[in-house]
Structure formats: C-alpha cells, structure tokens
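Trainee: Please model the entire structure based on the sequences and the hints provided.
2 protein chains.
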Amino acid sequence: MKEINGNIATPAGFTADAVHAQLKYKHLDLGFIMSDVPAAVAGVFTTNKVSAAPVKFDKNIVKNGKAQAIIVNSAVANAVTGEEGAKNVVKTAKLLEEKFGISSNLTAVCSTGVIGVQLPMDKIAAGISKLSKNGNADGFAEAILTTDTKTKTISLEAEIFDKTVKMSGVCKGSGMIHPNMATMLAFITTDATISPELLQKTLSSLTETTFNQITVDGDTSTNDTVLVLANGCSEIPEILENTAEYDIFKEMLAQTMSTLAKKIAADGEGATKLIEVTLSGAPDDLSARMLAKKIVGSSLVKTAIFGADPNWGRIISAIGQSAIFEVPDIELEIQNELVLYHSTPVNFDAALLSEKLKEDKIYIKVDLNAGNGSGQAWGCDLTYKYVEINALYTS
Amino acid sequence: MKEINGNIATPAGFTADAVHAQLKYKHLDLGFIMSDVPAAVAGVFTTNKVSAAPVKFDKNIVKNGKAQAIIVNSAVANAVTGEEGAKNVVKTAKLLEEKFGISSNLTAVCSTGVIGVQLPMDKIAAGISKLSKNGNADGFAEAILTTDTKTKTISLEAEIFDKTVKMSGVCKGSGMIHPNMATMLAFITTDATISPELLQKTLSSLTETTFNQITVDGDTSTNDTVLVLANGCSEIPEILENTAEYDIFKEMLAQTMSTLAKKIAADGEGATKLIEVTLSGAPDDLSARMLAKKIVGSSLVKTAIFGADPNWGRIISAIGQSAIFEVPDIELEIQNELVLYHSTPVNFDAALLSEKLKEDKIYIKVDLNAGNGSGQAWGCDLTYKYVEINALYTS
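So the sequences go chain by chain: A and B. UniProt numbering puts the first residue of the first sequence at 1, with every later residue one more than the last. UniProt numbering puts the first residue of the second sequence at 1, with every later residue one more than the last.
These aren't lab readings, by the way, just hints derived from the structure by calculation. This structure is a prediction, so every number in the text was calculated from the model and none was measured. Check the hints yourself; a few may be wrong.
[Unchecked claim] Far from chain B by the CB rule (all over 10 Å, computed), these chain A residues:
(1) Leu240
(2) Asp367
(3) Gly373
[Claimed, not checked] No farther apart than 27 Å at their CA atoms in a straight line, the calculated lysine-lysine pairs in the DSS-like style are these:
(4) A:Lys262 with A:Lys356
(5) B:Lys361 with A:Lys385
(6) B:Lys49 with A:Lys385
(7) A:Lys358 with B:Lys49
(8) A:Lys63 with B:Lys385
(9) A:Lys26 with A:Lys66
(10) B:Lys49 with A:Lys365
Using N, Cα and C, we set each Cβ at its ideal position, and we do this for glycine too.
Mentor: Structure representation (structure tokens):
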C-alpha cells in the first residue's frame, strides 16, 4: 500500500466536478462525484436528533446499498428547514437525474453551512446546469469547505488480487465564520469490489476509532456525514471477509479515514496545534477511547496547550471527572517527558517541557494501570482565534 | 424571609476569622469558621475520581453528622499529593485542636489552588497561630478566593417557631490564573435546629437544581465542596420534615444556594454575561436540567453570546446532540424574542435581538413540547479573556 497523488476521481470509473453556484461570494461551492456504474455505498451519519434534511434522505440511499452520484453544496446546511427543506433535497436529486440520467434513488445529497436557511433552489439549479461529467475533479475538495483553511485529501493504492486498487478521500471540518456553520463531511471513493454490507460493517467499525475520536469544540453538527462508494471498476473479484484481500482493503480504508480525521483536528477553528492523546491501561478499549476524547476535549487542557503550559493537573482532573472506575495509579507523559508516576508528581524540567509544548504536534500519553484497554483521540488547542471566529456576527 | 447584611458569622453562635498565611503573595488566604457548640453538618462533594486529600477527610466528618469548625486555605489544592497530602490534612486539624480545643474529628479542612503541590505546613502552622476566635469574619469570603473577581455572599433571616433564624453563605468559583487552580467551594452557616440527616437530605436535593446546574467550562474540579453547619443557637425547637417550619427553612437554603450558584456563574473566568437557560416540555425534570446545562455549556453558544450574535441554530444543535428523545416541535425565545416556533424559523429583527444580547443577563427559554419536565441552568459567555487566563503560564 502506498500514498499517491490524486483527487476524489482517481479510482477507476469515477469522475468529479466543482463549480461556483454563487452560494458563496466567490469560491467553489457545489461539488459533484459520479461513478460510471452504480457503486456499493456505505455511510455513517450524525447522531444529532435535529439532523438535516439531506441526512434523512441519504440514510435511505445507504439502506438500499447502491449509489452512483453525490452532490454537495456548501454555505447552506438545509437543517431545521421543515417540509420545504426535505422537498429541496428531492428536487436537487431530480435535477441531476434530468441532466445526467442517474436515478434520483442513486444520488446522495449533502449540505453544509448556515442552519435554518432554505436552499436557494434557483442557484442550485443554475449550478447543476454548469456541471459536466469530466470536470474540475481537483476542485471538489475545495467546493465542500466552509471555514477550513485548507483542503483535506488522500489517495492510496494497493495490490489486491494482483491488480491495482485505488482509494481516495476528501473531507471538511467543522468551521464557523458565518453563524451556525458547522459540519464534518467526508467522501471516499474506491474502485475495489465489495458488497454494501461488508463495506458498511467496515466503515462503521473504523469510524469508532477515527472520525468519532476527533473533537474540535465538543459540538456535534446536524449534518455530519461520511459516505464511501466502491464501484468495482478495478475489475478485481469481490473482496470477502476474513481473507488476506480484505485485510489489505481494511488497512487502506483505515489509513484513509485516520488521515482525514487528523487533518480535520489539526485544522480545527483557530487551531495552532494538533493534540494526540494515547491512553492505555483502561478496563476496555471503549472506556480508553472515551477518556482519551475527554482529555483532548477539555477546554482547560486545550487552553494550557495553546499557552505551552505544562500544567498536567488539568489532564489528571479530566480523567478523574470522567472515569467510571477507580484510577489510583496513573502514569503520564507529555512530549515524552514523564510528569506523574504511580499517581505521584515527578520532578521535571518545566522550562524544557514548555519549550517542547511550542511544537505543532502535541503527544499526551496516559497509562491508568487498570486493565488492557487502549485508545487514541485527536483534537486541537483553544485559542483567541477560536473565540474570534465564533463570536463575530457576520451575516 | 428577607435578605440582611451580614457575613458567614452572622447566625447566632458562629465566629470567623481570616489571615494572610503567605500562601498568596499578599491577599488573605486562610479562613476559619467556628461554632460555639458542635453543629449538625451536611456536605456534598466533587464526583471527580481524583478527589483531593481534604475531600476524603471531610467525607468522614459529614458521615458522622457533627462539626464545629471549618478551616480553608486558598493557593494550594492539596490534590494528587499522595500519602503526604493526606497526612497534612490531619496535621491541619490537629493544629486547630491544639489552639482552640476543638476535636480534630469535628473540624472540616478545605483547600483550593494548584494541583500536585504539597501544602507548606510551616506557613499553615504560622497562619493558624494567628487565628483568633472573634476575628475578621468579613475577611473569610475573601480568604477563600482564587481568581474570582469578587466575593460572593448572602445572608437571610426568617421567622421560624416565632423566633428569628439566620442563614449565611459564602462561596468561590472555579478560577485559574495559576496553572491548575480550580474549585467551587461553598460554606453555609445557620443557627436553625435540624438533624444532620434532614440537613443532608435537603442539601443533596437542592444541590441538583442549584450548584449542579452551573457550568463555567465543563470541567469538574478535584476539590468541589459544599458544607452546611446548623448549630441550633437560635434556640428554636428541632425542625422536622413535612412541617410549615421545614418549608421555610428549605426555602432559605434554596435561596442561599441558588444565589451563590448564580454568583459563581456570573463571575466565571473571563465572563462578561450571566446566561440563564429555562427549559420546559421535556419528558422529565432530570432530562430538562441536563439539556439546559448542555445549552449553557456549549462553546458555540457561549462564544455567540459573547459576540451578541443571535444565531439560534447553535442552541437547537446543542439540544439535538444531547436529547435521548425525539424533538420535532421546538419553541425558542432569546431575550423574550421568539425565533423558532413548531421547529420552524420565525422572522425576527436580528439587529434588535443583537442589541438585546449586549445586556449582561441573557435569558434563553426553550419549550420542547415533549412532556412536563422543566429545569434551569446557569453559565457565562466564552471570551478572549477566558483563553488568556487559562493559556498564560505564570508559575
């Protein structure tokens, strides 16, 4: 398996395009992915009870297991928009059906942007009329952004059944410049051959240790969506569970998802640093992941890291307030410096550690000595810029 | 029942003092409350698994139901300090026993400040030697502060059994200027006559709707403690449950606790505004309180209010991500302006609402139309100052 240059249309049988539909002032804001043939589709969605209209629509597509196209707009989330919002999702899919002949039952629709505002359907229609089958595939990664400061992509290839199988992923993080803008969206294409059921099982399981382990500000958006399309155009035989081929495929998907997840964390609103927490010695993996995420989500830990302040007490306090088991014997390393051993403070060079905390990747390692469970989580620091981005009224 | 001027020693039979034990550079840092006779004691404590040494000690005092003195130091939390920390709590109580003759089994010890640092016992001993029985009772409210910008006190009196019963409370909020400083501490004295069991029951129940409903940054400290002493020196008969007298007493305690809780929220680190969320129409009170607290704790809601930005979508999203029941019919008012009705956006004057959001008290009212449960929560906005306070390395 190796990383290659590419875009979301790099796997065989995929095309993509991106246009400016005037939803944003001047940037690309409407992206489109199409497969030559119907692809196996799998998806995971926000658990927010106030899910957006497109999320409800896409859940049905995923239930059917087949999709051939994905259309994504930024700037307007189409969330908390009632009946009209639901109708606009269907209209969008129908417009694509008219233009490209792909059944609206095979088109996933995604939105990200302001909550509580209706999609401007005249602009969406005009934008769709400009889409072409072999268009600006590189632009897709840009068209889905809101306040992200950079595009987030990865492309991989591996040999499976002696043929080259490719996989590409793009995503956007939760960003807010306009009020209410949020959302994590990720799209992954591959020319591997795999059933929708096995694809869904693999996606769901890997989501637990990748996208579900990142946090920027603890808020779960109304629109979060991850979709994977596998169109089989590599022409390999079907990948079955418990085979060497499946192991390779799963590794590709794991690397794609964890790379995208870390890119979202590093580009969190106002962030200057990526924080990685590795926690071991918990009773089980689930509680290890939960505690790792609590540490990386603590405002006090996040501000301390912004300030390059080695005040480890905040990390221990974050563990103590969230653990549902006893933690009498904690070991803690920050940037490879041991600061706590057997729950007893260790003398360390605070000035040196403060210097190390000025780096742009921060590694926190915790051993709770209470079992064999382990897990990781990723986040970012909490900065003046975060407050600025989210406090300014710009609409 | 009416509010009166007073301090923590205003109820009959209480005295208090405060001195500078040089734990802080120049402010009062050691406070002392004493009752003429052993008092009924009740307490609630942090649920953080990494609780501080004094918390463990005080839990035993409360279990016995009687206390006569409370000693509190600020600047050092005596948390994550191992065996030595536990011994220093006992030593502190013993020093008071030597000086005032009060059994160390009747003395509660509280600390707030830096985590992971041992109490400087020479300074504590010197400070205790300076304490006197009728000292600077007004200073007590100052001696317990860390980064609070003001003292937080209330005194009440009411007629019970045709006699005047008094109650006083003081507290401090969670503040951090030195790294790792945290803690909510509250102390309440009353000359009412009541059993420790009924006092504990009343305190525990009122804690759920007062102190447990405030949030500054979502972190629960290692030292949070609320202690109530009732010494009976008003010489009224014992207050029993399900009586008119009990109703008055409970109302006094409720007002004392909710006043102190709101003062902590309003003086949260870097805060410019108090936020009050009132949520009704939940299936039960518990979920109403939980959701109200989620709203007031959301970083996105807190930054929006700092920026006087009426982006109600963040409030709805905070509800959606935390509700464990369906919420198809939400009504939302901000500063008495209706913005959402039957989960459908209402046209409102955004400029007017933005003006109203510049006030220093922000009222958010939510009706979920899903039951009869209701609850309130209090918090504060998230500001540049919060980041500054918590990012600066000052030790």
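Trainee: Would you pick out the hints that fail for this structure and give their numbers low to high?
Mentor: 6, 7, 8, 9
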